[in-house]
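Student: Those protein sequences? They're chains A and B, same order as listed.
Numbers 1 to 164, taken from the numbering used here, label the letters of the first sequence in order.
Numbers 1001 to 1179, taken from the numbering used here, label the letters of the second sequence in order.
Calculated directly from the structure, the hints in this document are not laboratory data.
Note that the structure is a prediction, hence the values are computed from the model and not measured.
Don't take each hint at face value.
[Stated by the list, open to error] Residues of chain B clear of chain A, computed beta-carbon distances all greater than 10 Å: (1) Tyr1021; (2) Arg1022; (3) Gln1063; (4) Gly1075; (5) Gly1148; (6) Gly1156; (7) Arg1170.
[Stated by the list, open to error] Cβ pair distances, simulated, as ranges: (8) A:Gly128 / B:Gln1063: 58 to 64 Å; (9) B:Gly1017 / A:Leu104: 28 to 34 Å; (10) B:Ala1173 / A:Pro119: 37 to 43 Å.
Heads up, the beta-carbon is just placed ideally off N, CA and C, and yes, glycines get one too.
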Amino acid sequence: MPAAKLHAKLAVVVLIFVIGVSGGSPALAVRPDERLSDPALEARARNLSQELRCLVCQNQSIDDSDADLARDLRLVLRERLQAGDDDRAALAYIAARYGDYVLLSPPIKASTLILWTGPGVILLLGFGGIIWVRRRRPVTALPPLSAAEQARIKSLTAADQGPQ
Amino acid sequence: MNRLLFALPVLVLLIIGGFFYRGLDLDPSAVPSAMIDRPVPDFALPALHPGKKGLSTADFGGQPKMLNVFASWCGPCRVEHPIIMRLAARADVEVLALSYKDDPQASRAWLAELGDPYRQIGVDRDGRVAIDWGVYGVPETYLVDAGGRIRYRHVGPLTAAVVAEEILPRWQALQQANQ
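Same shape as in the complex, but just chain A (with noise of 0.2 Å):
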């Protein structure tokens, strides 16, 4: 039965795109005996690990990570927030231990400007440097054509078009 085929083929279609849409379920990282029985403390433990780089794999978050020094960083961040330091300090207590590196998006700073604001900068010179040489070379009128162009664009397209 084809309609019954192409069913099928359509929902593995939708099934496939929408796995693609959610990222699937991820393999959870976290480990159950690592969360917080305050939910609303976990949550913001859970927020605050995707905002750290595991040093380990370098390109995950520790939230991603199962590198053991991910998970022992995951357990300090929990142990932190318990102690009642809000995100910031939390943050900023192991960016103490582990530098700026550690935190996935790079605070504003003096050594960190051009990071900030170096793409809007180019962006910013390309446009610029378009309308000055737009500026500089304006599109001048071509002059019409002569007659004897003129004469020649008919006979030209006269042959093209033939008898028809």
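Based on these hints, arrange chain B on the given structure of chain A.
Tutor: Below, chain B without anything else, positioned relative to chain A:
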């Protein structure tokens, strides 16, 4: 002016190329230590060998100290071990150690097999103290000055070249500063 404009892409290329050329020599996975020039963190660890001294903040200062972070389960530690044995054999070098997330019995067996170059060894079973030092892998080696401030960190196994070019010159400078 127009000529200059044509040279601009070449100039940009040269600048970018300069950065790339420099990047060839950089290790993108090396993490600069946030602890450089900061005092040794507050900690106290039990001793690995029963009856001997453990390791704590008070053990640093007075004179320069070297701290090696090791574990019996760590392959590169085994590679660098002979180098540390040779370093510690020098009269002017004192190496302390932190046993990182290791079963003390395994650490002791490891040292019994390979030799024990360390003056004092603290046991950091859960790795919590190592986090305060900013350790992110083993082995790591730290140089601490006479004032108890961390001055240098080497990540990964020590090699003869690293000792000759990075460790010893800095160590001797720290000692001279102390005299």
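Student: For each hint, tell me whether it holds in the structure or not.
Tutor: Hint check results:
1. Tyr1021: holds (19 Å)
2. Arg1022: Given a closest Cβ separation of 16 Å, the condition holds.
3. Gln1063: holds (25 Å)
4. Gly1075: Answer for glycine 1075 (chain B): holds, closest chain A Cβ roughly 15 Å.
5. Gly1148: holds (17 Å)
6. Gly1156: holds (13 Å)
7. Arg1170: It holds; arginine 1170 (chain B) is separated from chain A by about 20 Å at its closest Cβ, greater than 10 Å.
8. A:Gly128 / B:Gln1063: 58 to 64 Å: This hint holds: roughly 59 Å between Cβ atoms.
9. B:Gly1017 / A:Leu104: 28 to 34 Å: holds (29 Å)
10. B:Ala1173 / A:Pro119: 37 to 43 Å: holds (41 Å)
Of the numbered hints listed earlier, not one is contradicted by the structure.
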